[in-house]
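Line by line, the protein sequences are chains A and B. Residues in the first sequence are numbered consecutively from 1, following the numbering used here. Residues in the second sequence are numbered consecutively from 1, following the numbering used here.
Since the hints were derived computationally from the structure, they do not count as laboratory data. Hints may be right or wrong, so weigh each one.
Residues from chain A that keep clear of chain B, each with C-beta distances beyond 12 Å, as calculated [claimed, not checked]:
1. K46
2. A112
3. G125
4. E139
Below, in silico cross-link-like pairs of lysine-lysine (PhoX-like), each with a Cα-Cα straight-line distance of 20 Å or less [what the hints assert, rightly or not]:
5. A/K84 x B/K39
6. A/K89 x B/K127
7. A/K152 x A/K137
8. A/K176 x A/K46
9. A/K164 x B/K127
10. A/K99 x A/K84
11. B/K159 x A/K46
12. A/K108 x A/K120
13. B/K136 x A/K176
14. A/K46 x A/K114
15. A/K124 x A/K63
16. B/K39 x A/K88
17. A/K176 x A/K137
18. A/K114 x A/K99
19. A/K46 x A/K108
20. A/K99 x A/K88
21. B/K159 x B/K39
22. A/K124 x A/K89
The beta carbon of each residue, even a glycine, is placed where N, CA and C say it ideally should be.
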Amino acid sequence: MKLRATLAALLATTVLAAGAAPLKTDVAHSSVSAVFTQMEAPVESKFTRFNAQIDYDAAHPDKATARVDIDTASLDIGSPEYNKEIAKKEWFNSAQFPKASFVSTAIKPAGAGKLNVSGKLTIKGRTQDVSFPLSVKPEGGKQVFEGRLPIKRLAFNIGEGEWKDTGIVADDVVIKFRVAAAQ
Amino acid sequence: MQRYTTTAIVLHWLIAALIVGAFTLGLVMTDIPGFTPTKLRYYSWHKWAGVTVMLLAVLRLLWRLRHRPPALPASMPAWQRGAAHGLHHLLYMFIFAVPVSGYLYTLAAGVPVVYFGLFKLPVFMAKDPALAATLKGVHYWLNMSMAALVGLHVLAALKHAIVDRDGTLRRMLPGRSF
Chain A
1 MKLRATLAAL
11 LATTVLAAGA
21 APLKTDVAHS
31 SVSAVFTQME
41 APVESKFTRF
51 NAQIDYDAAH
61 PDKATARVDI
71 DTASLDIGSP
81 EYNKEIAKKE
91 WFNSAQFPKA
101 SFVSTAIKPA
111 GAGKLNVSGK
121 LTIKGRTQDV
131 SFPLSVKPEG
141 GKQVFEGRLP
151 IKRLAFNIGE
161 GEWKDTGIVA
171 DDVVIKFRVA
181 AAQ
Chain B
1 MQRYTTTAIV
11 LHWLIAALIV
21 GAFTLGLVMT
31 DIPGFTPTKL
41 RYYSWHKWAG
51 VTVMLLAVLR
61 LLWRLRHRPP
71 ALPASMPAWQ
81 RGAAHGLHHL
91 LYMFIFAVPV
101 SGYLYTLAAG
111 VPVVYFGLFK
121 LPVFMAKDPA
131 LAATLKGVHY
141 WLNMSMAALV
151 GLHVLAALKH
161 AIVDRDGTLR
171 RMLPGRSF
């Protein structure tokens, strides 16, 4: 697992070094959130600390790469007390797995302002291949990347023990993100 | 002595039971430490009960506006009639104010209500943590005030039944009891 993460990081760094245009992420105008469903009610919570590195050149979108690292202990679900609870072992186990990450393996143009992204999503030490559509549009001198990635929380062991009951918190979780980055 | 209509009696006791249930559940669920599935389940049930009270309260108010309640006993002094009317008006206000404050609180907290897990109720307010903190206090104190008013209401009813024995309570009771 560690080796794979290191390789992925190495790969990302290599590709970044080779790429022409690593963008500067504007964290203040970016956001990463997770939409959980509790007893059928959708609840959106934001990760307050994350990092996104995107290497993107509109002229060569297929050469783009992306890497997002998220501080799992930074998920704000509405109260400091609850936030502490979900950093614990049953949920994110942030002590052992402080970061969740997404590393792209392939980005393919899919029409004007659209990209299809494939990559590896690692949460709580488990890695899955994921792919999702991403939109990109220029906005105030920046490129804004937006997308939604539906995942199954139990595939990442998020919510152990009695939380495995998907009648309380559904298995389906949508990760929503918006990354604003400038050249 | 004339009774309330069956509809009014059913609505009164149904709403009373739901209010006692939701109030108790509110105290229990906020007392559960940490973050547990039971806690989330109770929060949902509490919200569903609150929404049900609000819906039944609408029916009850509509019914009340079209049906005059039976007369109070002729022996009742004017100040007691005034106090009874005042208290009933206040209770009607709280039957709406308490669930409405809870509904606004949950919207401000960013958790919409999906009634019985089936119907997503309107979200007309964005998440606002500062407002949520205020509404939490408002909801709590409205509840405590309502509990005090319900206490008075029950004491007054018992006083009429046990001390005065004037049939006031019987107007709101089903069947031939008392």
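Cross-check of the supplied hints:
{"no.": "1", "hint": "K46", "in the structure": "10 Å, violated"}
{"no.": "2", "hint": "A112", "in the structure": "31 Å, holds"}
{"no.": "3", "hint": "G125", "in the structure": "22 Å, holds"}
{"no.": "4", "hint": "E139", "in the structure": "21 Å, holds"}
{"no.": "5", "hint": "A/K84 x B/K39", "in the structure": "16 Å, holds"}
{"no.": "6", "hint": "A/K89 x B/K127", "in the structure": "28 Å, violated"}
{"no.": "7", "hint": "A/K152 x A/K137", "in the structure": "28 Å, violated"}
{"no.": "8", "hint": "A/K176 x A/K46", "in the structure": "9 Å, holds"}
{"no.": "9", "hint": "A/K164 x B/K127", "in the structure": "27 Å, violated"}
{"no.": "10", "hint": "A/K99 x A/K84", "in the structure": "16 Å, holds"}
{"no.": "11", "hint": "B/K159 x A/K46", "in the structure": "55 Å, violated"}
{"no.": "12", "hint": "A/K108 x A/K120", "in the structure": "15 Å, holds"}
{"no.": "13", "hint": "B/K136 x A/K176", "in the structure": "28 Å, violated"}
{"no.": "14", "hint": "A/K46 x A/K114", "in the structure": "24 Å, violated"}
{"no.": "15", "hint": "A/K124 x A/K63", "in the structure": "29 Å, violated"}
{"no.": "16", "hint": "B/K39 x A/K88", "in the structure": "17 Å, holds"}
{"no.": "17", "hint": "A/K176 x A/K137", "in the structure": "16 Å, holds"}
{"no.": "18", "hint": "A/K114 x A/K99", "in the structure": "28 Å, violated"}
{"no.": "19", "hint": "A/K46 x A/K108", "in the structure": "28 Å, violated"}
{"no.": "20", "hint": "A/K99 x A/K88", "in the structure": "14 Å, holds"}
{"no.": "21", "hint": "B/K159 x B/K39", "in the structure": "38 Å, violated"}
{"no.": "22", "hint": "A/K124 x A/K89", "in the structure": "10 Å, holds"}
The structure fails to meet hints 1, 6, 7, 9, 11, 13, 14, 15, 18, 19 and 21 from the earlier list, while all remaining hints are met.
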